[in-house]
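Undergrad: Letter by letter, the chains look like this.
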Amino acid sequence: MSEPASKGVLKVLILGATSAIAMAVERRLAAEGAVFYLVGRDPERVRSVAADLRVRSGAAAYADALDLADTSGHEAMLRRAVAAMGGIDLALVAYGVLGDQARAEASYPAAARILETNFNSVVSLLTWLGNYFEAQGKGVLAVISSVAGDRGRKSNYVYGASKAALNTFLDGMRARLDRKGVHVLTIRPGFVDSPMTAHLPKNKLFAQPDAIAAGILKAIRKRKDIVYLPPIWGPIMFIVRNIPEFIFKKTNL
Amino acid sequence: MPTARLRFESWGRYPPIETEVLPLHWMSDFQAARLPQGDLLPVGMGRSYGDVCLLDHGTLLTARGLDRLIEFDAETGLLRCEAGVTLAEILDFAVPRGFFLPITPGTKYVTVGGAIANDIHGKNHHGSGTFGNRLLRFELMRTDGARLLCSPTENAAWFAATIGGLGLTGLIAWAEIRLRPIVSRRIRSVCEKFVGIDEFVELSRAAAHVNYSVAWIDCVARGRNFARGIFMLGQHHDQPEPLTTSAKPWLTFPINLPEFALNRTSVGLFNTLYYNRQFAKRAETLVDYEPFFYPLDRVLDWNRMYGKAGLLQFQCVIPWEDQKQAGITRILEEITRSGLASFLAVIKVFGDVRSPGMMSFPRPGITLALDFPIRAQVSFALLDRLAEITVEHGGKMYPAKDARMTPRQFQAFYPQWEQFQQYIDPRINSAFWKRVTAHV
Numbered sequence: 001m002s003e004p005a006s007k008g009v010l011k012v013l014i015l016g017a018t019s020a021i022a023m024a025v026e027r028r029l030a031a032e033g034a035v036f037y038l039v040g041r042d043p044e045r046v047r048s049v050a051a052d053l054r055v056r057s058g059a060a061a062y063a064d065a066l067d068l069a070d071t072s073g074h075e076a077m078l079r080r081a082v083a084a085m086g087g088i089d090l091a092l093v094a095y096g097v098l099g100d101q102a103r104a105e106a107s108y109p110a111a112a113r114i115l116e117t118n119f120n121s122v123v124s125l126l127t128w129l130g131n132y133f134e135a136q137g138k139g140v141l142a143v144i145s146s147v148a149g150d151r152g153r154k155s156n157y158v159y160g161a162s163k164a165a166l167n168t169f170l171d172g173m174r175a176r177l178d179r180k181g182v183h184v185l186t187i188r189p190g191f192v193d194s195p196m197t198a199h200l201p202k203n204k205l206f207a208q209p210d211a212i213a214a215g216i217l218k219a220i221r222k223r224k225d226i227v228y229l230p231p232i233w234g235p236i237m238f239i240v241r242n243i244p245e246f247i248f249k250k251t252n253l
Numbered sequence: 001m002p003t004a005r006l007r008f009e010s011w012g013r014y015p016p017i018e019t020e021v022l023p024l025h026w027m028s029d030f031q032a033a034r035l036p037q038g039d040l041l042p043v044g045m046g047r048s049y050g051d052v053c054l055l056d057h058g059t060l061l062t063a064r065g066l067d068r069l070i071e072f073d074a075e076t077g078l079l080r081c082e083a084g085v086t087l088a089e090i091l092d093f094a095v096p097r098g099f100f101l102p103i104t105p106g107t108k109y110v111t112v113g114g115a116i117a118n119d120i121h122g123k124n125h126h127g128s129g130t131f132g133n134r135l136l137r138f139e140l141m142r143t144d145g146a147r148l149l150c151s152p153t154e155n156a157a158w159f160a161a162t163i164g165g166l167g168l169t170g171l172i173a174w175a176e177i178r179l180r181p182i183v184s185r186r187i188r189s190v191c192e193k194f195v196g197i198d199e200f201v202e203l204s205r206a207a208a209h210v211n212y213s214v215a216w217i218d219c220v221a222r223g224r225n226f227a228r229g230i231f232m233l234g235q236h237h238d239q240p241e242p243l244t245t246s247a248k249p250w251l252t253f254p255i256n257l258p259e260f261a262l263n264r265t266s267v268g269l270f271n272t273l274y275y276n277r278q279f280a281k282r283a284e285t286l287v288d289y290e291p292f293f294y295p296l297d298r299v300l301d302w303n304r305m306y307g308k309a310g311l312l313q314f315q316c317v318i319p320w321e322d323q324k325q326a327g328i329t330r331i332l333e334e335i336t337r338s339g340l341a342s343f344l345a346v347i348k349v350f351g352d353v354r355s356p357g358m359m360s361f362p363r364p365g366i367t368l369a370l371d372f373p374i375r376a377q378v379s380f381a382l383l384d385r386l387a388e389i390t391v392e393h394g395g396k397m398y399p400a401k402d403a404r405m406t407p408r409q410f411q412a413f414y415p416q417w418e419q420f421q422q423y424i425d426p427r428i429n430s431a432f433w434k435r436v437t438a439h440v
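So the sequence lines, in the order shown, correspond to chains A and B.
Going letter by letter, the first sequence gives residues 1 to 253 in my numbering.
Going letter by letter, the second sequence gives residues 1 to 440 in my numbering.
All the pointers check out, no bait thrown in.
Partner residues are not named here, just some residues of chain A that face chain B (Cβ under 8 angstroms, in silico):
1) GLU44
2) ARG45
3) SER48
4) VAL49
5) ALA51
6) ASP52
7) VAL55
8) ARG56
9) PRO195
10) ALA198
11) PRO201
Pair ranges (Cβ atoms, derived):
12) A/GLY33 - B/ASP73: 14 to 22 angstroms
13) A/LEU205 - B/GLU9: 19 to 27 angstroms
14) B/ARG147 - A/ASP171: 44 to 52 angstroms
15) A/ALA214 - B/PRO364: 43 to 51 angstroms
16) B/THR76 - A/ALA106: 53 to 61 angstroms
17) A/GLY181 - B/ALA74: 34 to 42 angstroms
18) A/ALA69 - B/ASP92: 30 to 38 angstroms
19) A/LYS180 - B/THR245: 33 to 41 angstroms
20) B/GLY145 - A/ALA175: 49 to 57 angstroms
21) B/ASP301 - A/ARG241: 36 to 44 angstroms
22) B/ASP301 - A/ALA175: 43 to 51 angstroms
23) A/ILE243 - B/LEU273: 52 to 60 angstroms
24) A/PRO231 - B/ASP73: 38 to 46 angstroms
Derived from the structure by calculation, the hints contain no laboratory data.
Cβ coordinates follow ideal geometry from the N, Cα and C atoms, glycine included.
Chain B on its own, in the form it takes in the complex (with noise of 0.2 angstroms):
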């Protein structure tokens, strides 16, 4: 099958690759014969932020084209679709009919095949665990030819290192998740003010009944504001009201803004206006889920706003095993000395369902995420920093938002990696995995 040569780029459009492109349409596309020569990765929208979706030297297999639904239960909420689905196309379909999904990340474009490589999570991790945890089954094709059922039982251990698995383990043809039932589009939400890290874990226990829950916080105020941020909650609400599908996005990030747009003035601008905008210290509210969910995905290519270069992702999590949250203090207090920090930063409490991904990212403690627009040398030591900071205090961070780790940091993260080298496809590969596990 013929491939054309593309610029493939990542959410975060860093680091730039061009490479062959091979889009997949059936399962049948993918078998040696059909293949072309070289590494392979499978790949999905293309949503995360770093490397993990990038290969240099070969070729990758868009199976966006693989978008078929194959069987749905009105009764239970069972969901069989292709793995090139993307979450948007779920809720589309499964919002009118009452159900809604049962993990969803902050952004609904992305498939279901690379919400299980990712092994994704959203605001109700505290108590439902991650996309790995909600999956029932998926088939895993192999480029030998072989085609694994793989379920908590079956082929458990391809199970488990599927999800999260980057990609690496095969192409994830189906899967199959269970919905969970809504009567109304809308989720009850309360926003409640908070300074400082102690006061947001405690909001998160006094919430950990609650669906969901995310905090915004600021990394530019210092002083009496440090750490200051808005938690947010969120139930479904249960009074049955029309179901009715999303509109469609109107609003495309128009430009590439250029560098100087994005700087500590304009960001500690945006900042203290949105912390400010609620005036009371907590307002209920009825909001449509896709404002709650995805208010980014109101704006097609938002990542234009940091211009050109790109941006880079940030997103640790440091376990509650380190004392008093040294490690996300000195993570914030680096970050707000650097001022390099943009609006879109939020923190939350992971709860301890464990994921049955062997690579998986979430673990129980407090985890943060950030972006940065990339400043030539000022942006990578930042990071650099922060990977440190996290190594230190015994935290981890998220490959599909990673663009910066070392091997020995990745390593260090994942100690468990050697172990999951064996189920790698050998005809697979990625620019993150070739990274993070170059001899150093």
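So here's chain A without its partners, still in its complex pose (with noise of 0.2 angstroms):
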């Protein structure tokens, strides 16, 4: 497993490699063969996704233990997925907090937790993978973020704070990138069936998580710049962004 992939194969990190919607991707991509960077906080969890990876493609999956939400460790990591694969074509960032809104209301440490880990350690891998992608001229980065950063809405104004930060630093990497040959997409998601929705009771609304991979492949292979994600979302945030302020301030959204 040590030798590098051979050209032609498509190499992929992913960055929150034990999220649901990321799983779901990796299986997708297993099925043609990729080989794969994963990179999640606990071990036993990533090294059984890489296991899963290889039996299903038949080619290498590197297993990678790092919290991400501490920014000190990516350099290194970055250089050791490029070592290991011989390159990145696609950077999938699928990590994140939902964190809880009644305790970041409460406290500031709360609050700056979420932000720090959806968006500060975010522009940190997303810097160093910019440069890289840049310097090669190619490389798409996909970044799960969600329609929560589309309006701040009372319910969990933090999490979606953390998430429009990061809508709006995507739109300006992409306008520099895409003269550079990097495809930038946004993903934004509504409500995934997965372990970070597990304690909400779930509507018609909630989305399978492979339902949603299907959807990045294709927006990757369209070379979307933005996709919701089912695409029933899209007109969905269209009204709720535009409902005015006097009004939304009054909901209970």
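Make one complex out of these two single chains by using the hints.
TA: See the structure below:
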């Protein structure tokens, strides 16, 4: 497993490899024989996901256990990924915390933890990866944000703010790197039936992780800039964004 | 970890029980500190018909999230995977690589853990035994933190107790099975009409060397058509052909049918058409494995056909020692007289391969399985009579398909239940187990 992958095989870096959406993306790419460098916090989980992908794809899948919220290990990890796979074609950022809105309202450290994980630490990775892809003149940077970033809502505006900042950052990065051949994709999923939302009651708006994964891969193939998943969230968020503030501030959304 | 209060239905949708559900995604989710208080029960797809996969007053641990493959040897067909992987997923993976399940039940939408816990059997039981017979090893996780690697030689008592142990001995974390090589998706199938149990037994004996055999039996026809049916044989096709992946099912049963839709006339008509679909006494075809093994899987949620009330299954095995198959004949007569039978009725000969499972259902003899719609009083009374006949003829009933047997009947079928109890995890229980071990 130590030799670099041959040319022609897609080299995929997954940051937050054990999240439900990431795992669904990985399974779909494994069926096409991709090579993976998987990063996640829990060593046992990353190892078990890597083993699964190796069995399914017959190709290499490297496991790297790292807490991505801590930026100090980022650069060394990214260099390990490049060395292991012999490059990176696609990087998917798939980690984040929903956080506890009530605690984040009550104390700044709780709010800061959400912002640092969902925004600051992602910026650290995107900075390195953006420069790496710019230098090689190609690459795909796919980043999972959220519809929550489209407007601050009473029920989770701290999480929403972290994603709004991320969306803005990605818009600018896209404008900078698109002309250099780099594809920057902002993924805005709605509600997903995953461990992150296990405690929430489910309704018809909840999508399965695999449906989101299919949408992500389609958006990558079509070189989309921003994708709402499932697509119904596009029109929903158009309406939400256009509700006048004097009405919106009265809602409990 | 958070739980959600849900209506978790077994395949028969009876009994209706609302319960807390906690999905497991990783093996490490199953440890005392992360689990809720009260009784627990690990479950898979909930495809058993009655209440072995239900728990009132407690938390169901749905293990579907443990769906990762761990190791596969393309030379030997050895597959190790987490216990929440379904047989459908194994087929999707294995068939294009030239392998097939060693044992499969009539639906592929069950998990490996569920297949072990119910020690499922298939159309090749007469030659190959149960899922437990083809199991190399598995890991059992107990709520006290113990992790037991179980095989016929390591922790053999736990191996035996967990096979057919209805999920009560702990969480099955992963398992290792050996797949069988195939060169074609297709099955060479022979269908032969018969009338009467004697002719069915004769056909079964003559086909003892064939991989797969099962028969559909008409439980409505009376008089000279009593116990008529179609005996179906199958053998893996031996001519190499492209091994593609199966298409996804596209048909979902759209509504709950009203109660009156299934009645003696509609089922009788269906049965007559089905029996006479084949004009010749004997017909040979090459069919894809999907319709051969999983005819009903093509329609998702087919249990809605039975309406909101749900359905009851009855499956018994009557041993050969029973003179002249008197028990099977009595049961068939009782069903025919009731007019309650559905068209989903199958009869099969179980072979004498002994399962390692302590509480395993199959034993040498004739097994009969069929569905009944739930009709207040009528179907319950019929099922109670069928269970009594089974007791009288030295047979037993299948917990995975039961929602009715009494403690007395269960304990007559499974006298080893008291010995089994010492292997039950003290934190695990099920609605079934409470029912059949209640004091009478």
